[in-house]
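Whenever a hint applies, use it, and build me the whole structure from the sequences.
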Amino acid sequence: MNLDLTEEQEMLRTSARDFLSKECPKTLVRELEEDEKGYSPELWRKMAELGWMGLVLPEEYDGMGMGFMDLVILLQEMGRNILPGPFFCTVVTGSLPILFAGTDEQKKEFLPKVASGELILTLALSEPNALYGAVGVETKAVAQGDSFVINGTKLFVENAHIADCIICVARTKEGSSPEEGITLFLVDAKSPGIKCEVMPTIGADKLCEVVFENVSVPQKNMLGELHNSWPVIEKVLEHATIAKCAEMVGGAEASLDMTLSYVKEREQYGKPIGSFQVIQHYCANMWTKVDTSRSILYLAAWKLAEGLPATMDIAVAKGWINDSYLFVTERAVQCHGAIGTTRDHDIGLYYRRAKSTEVAFGNTDFQKEIVAQQIGL
Amino acid sequence: MDFGFTAEEQAFREELREFLRQELGPEHKGRTPHDLFSREFSRKLAKKGWLGVGWPKEYGGGGRPYMEQLVYGEEMMRHRAPAGAHILAQNMVGPTLIRIGSEEQKKEYLPKILSGEITFCLGYTEPNAGTDLAACQTTAVLDGDEWVINGSKIFTSFAGQAHYAWMTVRTDPNAPKRHRGLSMFIVDMKTPGITVREMDTMWDYLQYEVFFDDVRVPKTAVVGELNKGWDYLTTALDHERVFMGGTVAQHQRFFEEVVEYAKKTERNGKPLSKDPIIRQKLAQLAIDLEVGRLFAYRVAWLLSNGIVPFSEASITKTFTSELERRLANTAVHIMGPCGTLLEGKRAPYDGYMAWEYKFSLMMAVGGGSNEIERIIIAIAGLGLPRP
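Taken in order, these protein sequences are the chains called A and B.
For the record, in the first sequence the residue sitting at position 104 is 104 according to the working numbering, with numbers rising by one throughout.
For the record, in the second sequence the residue sitting at position 228 is 228 according to the working numbering, with numbers rising by one throughout.
If you're looking for bench data, these hints aren't it; they were derived computationally from the structure.
Here the structure is a predicted model, which means the values were calculated and not measured.
Possibly wrong hints are sitting among the right ones.
Unchecked claim - Here are the in silico distance ranges between beta carbons for each label pair:
1. A:G270 - B:D132: 21 to 31 Å
2. B:T6 - A:M64: 27 to 37 Å
3. B:R267 - A:E60: 50 to 60 Å
4. A:P309 - B:E343: 34 to 44 Å
5. B:R178 - A:D257: 28 to 38 Å
6. A:P200 - B:E14: 53 to 63 Å
7. B:A380 - A:R17: 21 to 31 Å
8. A:E42 - B:D132: 50 to 60 Å
9. A:G270 - B:T235: 28 to 38 Å
What the hints assert, rightly or not - Some chain A residues flagged as far from chain B (calculated, every beta-carbon gap over 12 Å):
10. S15
11. K22
12. S116
13. E118
14. Y132
15. N151
16. R171
17. S176
18. M199
19. G203
20. S356
We put the beta carbon where it would ideally sit given N, CA and C, even for glycine.
This is the structure we're talking about:
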């Protein structure tokens with residue numbers, strides 16, 4: 001057993017923390033919540049220069065060839081700092097499907113541009129009747145000559161309003177199971193027939209409703225196998241779930257740190273409120289949640305990185321971290337008192353994100369059902 | 001990062017399992033007072049060289065690294081091995097004597113602990129000194145060449161079976177700070193003036209009140225320096241900390257029995273395991289167990305790296321003890337009225353769940369109540385100001 005980060009991972013963490021605290025202050029986070037685009041092209045360019053977008057991409061596609069665990073470390077820092085913008089959808093849910101299922105030609109076309117920061121990607125999966133399963137995928141793609149024509153509505157598509165390319169999960173055939181007949185398409189976001197609207201979410205995270213109306217996609221932009229690409233999505237979701245957990249753990253760490261500083265300074269009844277036993281108990285409980293969340297995150301990330309079976313570990317991690325992030329941010333606001341509920345205070349940024357990330361990639365009930373199946377119930 | 005066990009650790013685990021299966025049988029319940037205390041079993045462990053597994057080799061111990069100590073703890077707990085006759089001596093008395101005991105004390109006690117011959121009981125808790133151990137009122141006064149002890153201890157596990165008490169006494173009533181006036185003593189339980197009275201608790205554990213009435217012990221009863229007892233009480237708990245992590249393995253086995261029950265028991269025409277609410281409850285416990293197990297590994301890992309996991313050990317203690325209560329509560333809840341049966345043919349798993357529902361009270365109140373553990377975490381771990 002070795003539960004330490006490597007020296008390189010420690011360096012990545014330190015440099016990411018320094019960079020983000022300098023380049024992405026909370027004033028910018030707040031500004032971008034209101035901003036139409038929701039990201040800073042200048043910050044995006046600087047991140048690309050650091051090699052972050054290509055962190056897990058192989059060197060032959062201009063990436064840095066690092067591992068999933070490294071990406072988890074980086075995402076943890078992004079969550080700690082609440083980095084707004086399309087990093088997650090470009091790198092995790094965007095580039096991984098291409099990496100997992102793309103042809104060599106597709107990889108050559110898309111991945112170097114991801115690495116250089118030229119290309120913003122996003123994944124269009126959820127629909128009015130579907131969140132993270134194949135069952136409700138009703139968006140249809142029909143072959144027409146050497147193209148496919150897509151019709152349907154996708155929901156909660158991250159940053160679709162600024163994306164260059166949307167990976168659309170569509171049904172190309174009615175199969176004997178919901179998973180059969182699913183095909184992926186790399187759709188140029190500027191294609192005629194695409195309508196995109198930003199949805200007003202609690203996390204201000206620029207999730208979009210995207211309507212596809214007779215959108216034509218050339219056959220060469222089909223990603224992976226015709227009718228049989230649901231397993232690609234499953235694999236992407238496994239990684240995305242843990243990637244999201246990494247952001248959440250980072251956010252929980254930051255919320256705890258802010259709370260600890262506050263309760264040491266804030267005085268009531270002539271004493272720092274952190275000297276009161278009830279506040280001490282809150283903080284001890286918060287730390288327990290944060291510390292255990294970190295451990296369970298690394299275990300699942302390690303298994304994924306090593307290619308070991310991780311279904312159980314991923315569900316355990318997301319289930320536990322969902323509850324932990326909610327708990328920590330709720331207690332954090334409570335410890336801050338009324339000032340914590342003001343818009344000017346940073347803690348509210350985390351409180352809102354704890355809820356938006358809890359429901360992303362499966363809430364706790366969803367994860368617990370997976371766990372129930374895994375223990376043989 | 002690597003969460004795997006080494007080949008040596010795996011092999012040790014297999015060896016332990018094989019031995020425990022043979023000695024205890026697969027159906028060993030480990031819930032009656034007798035099941036928790038067996039000198040015969042302790043001696044068998046001794047023969048295998050499995051008492052003092054983490055002690056240095058120069059003192060006859062196994063010299064096993066922390067990770068292997070954790071594996072040892074896990075297997076012992078999973079198999080509900082009776083540890084009452086040796087656990088305190090192995091995890092607390094021995095390691096402290098090795099660190100600060102006199103040569104005579106080491107020679108006298110260490111070999112006998114390792115051979116499973118002698119049992120210690122822990123005399124810390126008193127009627128007016130529970131979580132606040134520094135409030136100890138039992139006194140020892142020097143009279144010539146002897147200390148004269150007066151006072152009483154309570155909730156002293158295995159005092160009725162033990163040969164010696166490892167106990168705190170007040171040797172300086174005038175110390176400026178009350179915890180500076182405490183000393184650590186080893187007292188022979190056969191000394192005249194000691195009375196032992198069994199207690200009747202819900203958890204059916206062998207616990208006693210011990211009364212000391214002009215009990216005269218030699219000067220050599222003092223362990224380490226006089227009036228330094230508090231330091232010895234609060235440090236050198238590494239072995240205890242690692243072993244404590246093993247309790248998750250005990251809960252894991254209990255949980256597996258509940259899952260098995262839910263799968264094979266039908267209610268309203270379908271297995272309990274198909275009930276969505278029960279599935280959610282059991283899944284939550286599975287998550288909690290995994291988190292607890294991993295945390296115990298982290299404590300062992302930190303110790304392996306020379307870091308004293310002060311707050312982490314407190315987290316393990318609070319987390320696992322509260323998990324134990326949730327587990328017992330949920331188990332009986334799922335089983336319904338049958339789950340409340342203590343014995344008989346209708347009692348699932350021979351009444352283990354009903355017993356555990358009562359027994360699960362112990363860990364969160366004992367060994368430092370969870371309330372004080374959280375304050376330790378806040379002050380020592382998070383740097384919050386003292387109340």
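Status of each hint after checking the structure:
1. Distance hint for G270 (chain A) and D132 (chain B): a CB-CB separation of about 25 Å, consistent with the stated range 21 to 31 Å.
2. Between T6 (chain B) and M64 (chain A) the Cβ separation comes to about 31 Å, which falls inside the hinted range of 27 to 37 Å.
3. The supplied range of 50 to 60 Å is met by R267 (chain B) and E60 (chain A), whose beta-carbon atoms lie about 59 Å from each other.
4. A beta carbon spacing of about 40 Å between P309 (chain A) and E343 (chain B) agrees with the range 34 to 44 Å that was offered as a hint.
5. About 35 Å separates the C-beta atoms of R178 (chain B) and D257 (chain A), a value consistent with the hinted range of 28 to 38 Å.
6. Checking the proposed 53 to 63 Å range against P200 (chain A) and E14 (chain B) shows it holds: the Cβ atoms sit about 58 Å from each other.
7. Evaluation of the 21 to 31 Å hint for A380 (chain B) and R17 (chain A) yields a pass: the beta carbon distance comes to about 25 Å.
8. Checked against the hint of 50 to 60 Å, the C-beta distance between E42 (chain A) and D132 (chain B) comes to roughly 59 Å, which is consistent with it.
9. Distance hint for G270 (chain A) and T235 (chain B): a CB-CB separation of about 34 Å, consistent with the stated range 28 to 38 Å.
10. Non-interface call for S15 (chain A) relative to chain B: holds, since the shortest CB-CB distance, roughly 19 Å, exceeds 12 Å.
11. Interface exclusion of K22 (chain A) from chain B stands, the closest Cβ pair being 26 Å apart, more than 12 Å.
12. The Cβ of S116 (chain A) lies farther than 12 Å from every Cβ of chain B, with a closest approach of about 30 Å, so its non-interface assignment holds.
13. With a cut of 12 Å on Cβ distances, E118 (chain A) stays outside the contact zone with chain B, its closest approach being about 33 Å.
14. Distance check for Y132 (chain A) against chain B: the nearest CB is about 17 Å away, which clears 12 Å, and the non-interface claim stands.
15. Under the 12 Å C-beta cut-off, the non-interface status given to N151 (chain A) relative to chain B holds; the minimum distance is some 35 Å.
16. Non-interface call for R171 (chain A) relative to chain B: holds, since the shortest CB-CB distance, roughly 28 Å, exceeds 12 Å.
17. Annotated as non-interface, S176 (chain A) keeps its C-beta farther than 12 Å from every C-beta of chain B; the closest such distance is 24 Å.
18. With a least CB separation of 29 Å from chain B, M199 (chain A) remains clear of the 12 Å interface cut-off, as annotated.
19. Distance check for G203 (chain A) against chain B: the nearest CB is about 24 Å away, which clears 12 Å, and the non-interface claim stands.
20. With a least CB separation of 21 Å from chain B, S356 (chain A) remains clear of the 12 Å interface cut-off, as annotated.
In summary, the structure agrees with every hint in the numbered list given earlier.
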